[in-house]
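Throw the hints in and build the complete structure from the sequences for me.
Residue numbers (our numbering), protein chains in the order written: chain R, 1 to 545; chain G, 1 to 88.
In case anyone wonders, no lab produced these hints; they're calculated from the structure. We treat Cβ as the ideally placed atom computed from N, Cα and C, and that holds for glycine. Please note that the accuracy of each hint is not assured.
[Claimed, not checked] Label-pair distances were calculated between CB atoms; the ranges are:
id	chain 1	residue 1	chain 2	residue 2	range
1	R	G356	G	G85	39 to 49 angstroms
2	G	G85	R	H493	18 to 28 angstroms
3	R	N117	G	G85	47 to 57 angstroms
[Said to hold, decoys possible] With a cut-off of at most 27 angstroms between alpha-carbon atoms, the simulated DSSO-like pairs for lysine-lysine come out as follows:
id	chain 1	residue 1	chain 2	residue 2
4	R	K213	R	K242
5	R	K40	G	K44
6	R	K124	R	K319
7	R	K410	R	K371
8	R	K174	R	K249
9	G	K24	R	K124
10	G	K27	R	K40
11	G	K7	R	K318
12	R	K172	G	K7
13	R	K40	R	K154
14	G	K27	R	K154
15	R	K40	G	K41
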Amino acid sequence: MDKYTGKGVYGAIAVGKISVFKKQDAEVKRVHVDDTENEKRRYEEAKNASIEQLGEIYQKALKEVGEANAAIFEIHQMMLDDEDYNDSINDIIETQNVNAEYAVAVTADNFAEMFSNMDDAYMKARAADVRDISNRIIGNLTGEISKGNSSDEKVIICASDLAPSETVALDKDKVLAFVTAHGSSNSHTAILARNMNIPARIGAGDEFLSKIKDGDEAIVDGFTGEIFVSPDSGTRERLLKKQSEDENKKRLLQELKGKENVTVDGRKINIYANIGSVDNIGAVLLNDAGGIGLFRSEFLYLESSDYPTEEQQFAAYKKVLESMAGKKVIIRTLDIGADKQVDYFNLKKEENPALGYRAIRICLTRPEIFKTQLRALYRASVYGHLGIMFPMITSVSELEKILAICDEVKAELKAQSVEYSESVELGIMIETPAAAIISGKLAQMVDFFSVGTNDLTQYTLACDRQNPDIEQFVDTHHEAILELIRMSAENAHKHGAWIGICGELAADTTLTETFLRMGIDELSVSPTFVLKVRDAVRNIDLSKN
Amino acid sequence: MVSKTVKVVNEQGMHMRPAGELAKAVKAHPDCEVTLNANGKTVKAKAPMQIMSACIKCGNEVEIVCNGADEQAVLDEIAAMFESGFGE
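This is the structure in structure tokens:
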């Protein structure tokens, strides 16, 4: 048994035989031609054939992955009609007396290089699109357009890399999974795979590709990123069990996926997911959450043996924002202390840590740590829709200080000509009774509130979360807590802010109706609860009392 | 010749989809030449790859220049597309 790992695109388990996807080798020879007019005609015909094929792929994609994702092929058609691209090819044929294949290949290299050199991850990835369309033309010129899998058996497609058009062209009913040795999880190919619900692993490496052959048995675990070639019976059994459990869960998912979070009488609410690591993004997408309502940034500090640098943080935030592709991502600034300890912070032992030196209190007394995080967040903000949330707020003056530091960070970035988004939303956690009581003032200073019900319960009822002996006194549905949430919602809306709940109570479906009646705009729950809450929302009728 | 400066509101800037939409709209007016000035570059708006080559990001200012038949109407149409974020 050989084991490999890659980056996950869609979580599922596939068991079956490997089929190695062979691309026509894009090795193009330079041939001297005298009749350049004929060569240009050959190019024109191959281009038109390519446009027609892309039209067919577009229609197929429209059915399988929806309009938004199919649009790429319409754009590919437009790229083929791009004046510069065509001028370049025709010029090369004309001035160098060469064959059309060669002219297309050279032009593709030039354009791909232009995109690769751009200072923007999205644009860099476009180099693959240029190569994709160019290879199609060359395939049409040589008459060798790649056909993909022709066997009748369902297989695991393995390739060096797959172009978006090749991904869509795969017959979905014959593909169990695909594994590529190269490629980025930011590519259209990855996005398409996700939308086609095909388990995919990207970047399994060259060694993987060199060792496999057609017909090898393999298991792809889309959750862990593992690929087992010729698995032993124990591994096989374990994964088959995991597969059947997963399929049961997906049945519920299929019924609710893509449906709106709307009540019987038409009230809509956002259901987002809470996560604590970049690794959980797959679960967020799989469970169809509308965004990330709470991204706990602590993991960066907990996993590290020293303060994480601005670059390390930037890379993590950027990845989350890019993976969520424009959906809202709310990242909470550092919340350590109390039950979450990190050695290198050298925090003193406290008698009463829940009421002690933690979260925003550390950030405001050690602004250098706070500013590093904020710089990383603002820098990452250009890659998606970012919200920044501050924990443990108790007063207006704290929030004033925080906002002043944010302005300072932005001014510094501006002075250094570093880009950031102007549309970053700023918000605070409502997790102390003080914040709820003065929420009328706080709401005027921020874009949103998010209620942290776990701490709000602990502080309101004076009940230690960690002490099992007082469990009988912890009534999470206590009217005082619900009243504080209702008050905060009313004040938020009065001042144009939105309000969500990200604590455990958000997933308590016995309270969903109560929250909807309070006017809560968003519930953020652990990814596996998203569909359960959606189900609850869709069964509520607010017009009935 | 008429021109107008607009701000890009699309969160990911002029990426593939908006660039494609823009090129499609411009091509519908073959008698009017449309160019964009942004980030110190001048690009033809009918070529999606050229548009993307200017690496126009969210918040960037773009000067739209129209020259030819119905130039004012074309300018208004293109400016409105930018302002609406190309329907995103």
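Each hint tested on the structure:
Between G356(R) and G85(G) the CB atoms are about 46 angstroms apart, so this pair conforms to the stated range of 39 to 49 angstroms. In this structure the supplied range 18 to 28 angstroms holds for G85(G) paired with H493(R), their Cβ-Cβ distance being about 26 angstroms. As the Cβ distance of N117(R) to G85(G) is approximately 27 angstroms, the hint placing it in 47 to 57 angstroms is violated. Note on K213(R) and K242(R): the hinted pairing holds, with a Cα-Cα distance of about 26 angstroms set against a maximum of 27 angstroms.
The straight-line distance between the Cα atoms of K40(R) and K44(G) is roughly 24 angstroms, inside the 27 angstroms bound, and the hint therefore holds. At roughly 15 angstroms between alpha-carbon atoms, K124(R) and K319(R) fall within 27 angstroms of each other, so this suggested pair holds. Between K410(R) and K371(R) the CA atoms are separated by roughly 10 angstroms; this keeps the pair inside 27 angstroms, and the hint holds. Between K174(R) and K249(R) the CA atoms are separated by roughly 23 angstroms; this keeps the pair inside 27 angstroms, and the hint holds.
For a cut-off of 27 angstroms, the pair hint linking K24(G) to K124(R) stands: about 23 angstroms separates their Cα positions. With a CA separation close to 23 angstroms, the supplied pair K27(G) and K40(R) stays within the 27 angstroms bound. Distance restraint check for K7(G) and K318(R): the Cα-Cα separation of roughly 24 angstroms lies within the 27 angstroms cut-off, and the hinted pair is therefore satisfied. The straight-line distance between the Cα atoms of K172(R) and K7(G) is roughly 41 angstroms, outside the 27 angstroms bound, and the hint therefore fails.
At most 27 angstroms may separate the alpha-carbon atoms for a hinted pair to count; K40(R) and K154(R) exceed this at roughly 41 angstroms. For the hint pairing K27(G) with K154(R), the CA-to-CA distance comes to about 44 angstroms; that exceeds 27 angstroms, so the pair is violated. Only pairs whose Cα atoms come within 27 angstroms are accepted, and K40(R) paired with K41(G) is rejected, the gap being roughly 30 angstroms.
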